[in-house]
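S.K.: Numbering (this note's numbering), first residue to last: 3 to 295.
Just so you know, the hints here were simulated from the structure itself, not pulled from any lab data.
Do not rely on the hints blindly, as some may be mistaken.
[Said to hold, decoys possible] Derived lysine-lysine pairs resembling DSSO-like cross-links, with alpha carbons at most 30 Å apart:
#: 1; residue 1: K236; residue 2: K188
#: 2; residue 1: K276; residue 2: K234
#: 3; residue 1: K139; residue 2: K103
#: 4; residue 1: K103; residue 2: K133
#: 5; residue 1: K255; residue 2: K243
#: 6; residue 1: K236; residue 2: K276
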Amino acid sequence: MSDKKLENLKNEYMNIPVSDKLDFIVKDSIKKGVKKNMRKNNIIRWAGAVAASLAIFVTVINCSESSAKALADVPIISNLVKVFTFREYKVNEDNHEANIKVPSIDGLENEELELSLNEKYIQEGKELYNKFMDEIKDKEENKGPSAVDSGYNVITDTDKIFAIERYIVEIKGSAYEQIKYDTIDKEKEILITLPSLFKDDSYIEIISDNIKEQMEQQMKTDENVTYFFADKEKGETGYDKIASDQNFYIDDKNQLVISFDEYEVAPGYMGVVKFVIPTEVISDILVGDEYIK
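The task is simple: from the sequences and hints, build the whole structure.
M.R.: Here it is, written out as structure tokens:
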């Protein structure tokens, strides 16, 4: 399409009596998309952005006013965050097997955050693979079968919050599972940490006490549920309180979820255990209700 035709098409679009809200969404989406693609200097993705922009113009031109109002409620395209498998390590040697998938995040305009997360995931995958390979090389110490399975899942994806979990299951005689989480504010494009949610460090004691209450209640109502509690006098290890940077994520209901790895606070048969913290328990110490409601 020539520049003149494109300019005429744009002028026609500008004269359409659609709502101010839709006009803002279209302009903002195009502006952010073009800005991001030019910054990355990727001609292929830039061409795709231009094509998408033209498609938006054509769609709006053919919309009735009622359709335009309906489209005004569609989430802004620039909030789309994607995850894909960047690298996959596969090993199948004798009685040793590994399947390690390394995730990569795409779609953040905050390139520094995107890069730091992806570098962390690459490093985690590389270290896990190297550890596994070192172990199976020692034939004397590792005569039995062993396996490692590692991957990722998107567990929250709302207009505001994006949370990804990376899991590792190692099997060597018995199985051991651990999970790590990253929770991102998609609008501000920042990584949310547990301390950043609260006014001060009183959250540690408050959340810890609530989790202990939940544990005790679960054990009362289900004989198959067991938790270990620390007892310094008896020298017993187990649950005492959460760490200041305890594993957590924010779910799609805007609730805080605290997670413990397998064997960390319970027998192995219970696997990874999670606790949803009632918002009313922590509402007074939250910095605000932007994330947790």
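S.K.: Keeping to a limit of 30 Å between CA atoms, is the pair of K139 and K103 held or broken?
M.R.: Distance ~22 Å between K139 and K103 Cα, so the pair holds.
S.K.: Sort out whether K234 lies within 30 Å of K276, counting only the CA atoms.
M.R.: Cα-Cα ~24 Å, so holds.
S.K.: Between K103 and K133, is the straight-line Cα distance small enough, at 30 Å or below?
M.R.: Between K103 and K133 the Cα gap is close to 15 Å, so the pair holds against 30 Å.
S.K.: Between K255 and K243, is the straight-line Cα distance small enough, at 30 Å or below?
M.R.: At roughly 25 Å apart (the allowed maximum being 30 Å), K243 and K255 satisfy the hint.
S.K.: Starting from K236, check that the Cα of K276 is at most 30 Å away, please.
M.R.: Distance ~27 Å between K236 and K276 Cα, so the pair holds.
S.K.: Holds or violated: K236 with K188, Cα cutoff 30 Å?
M.R.: violated, 47 Å
Hint violations for this structure: number 1 only, all remaining hints satisfied.
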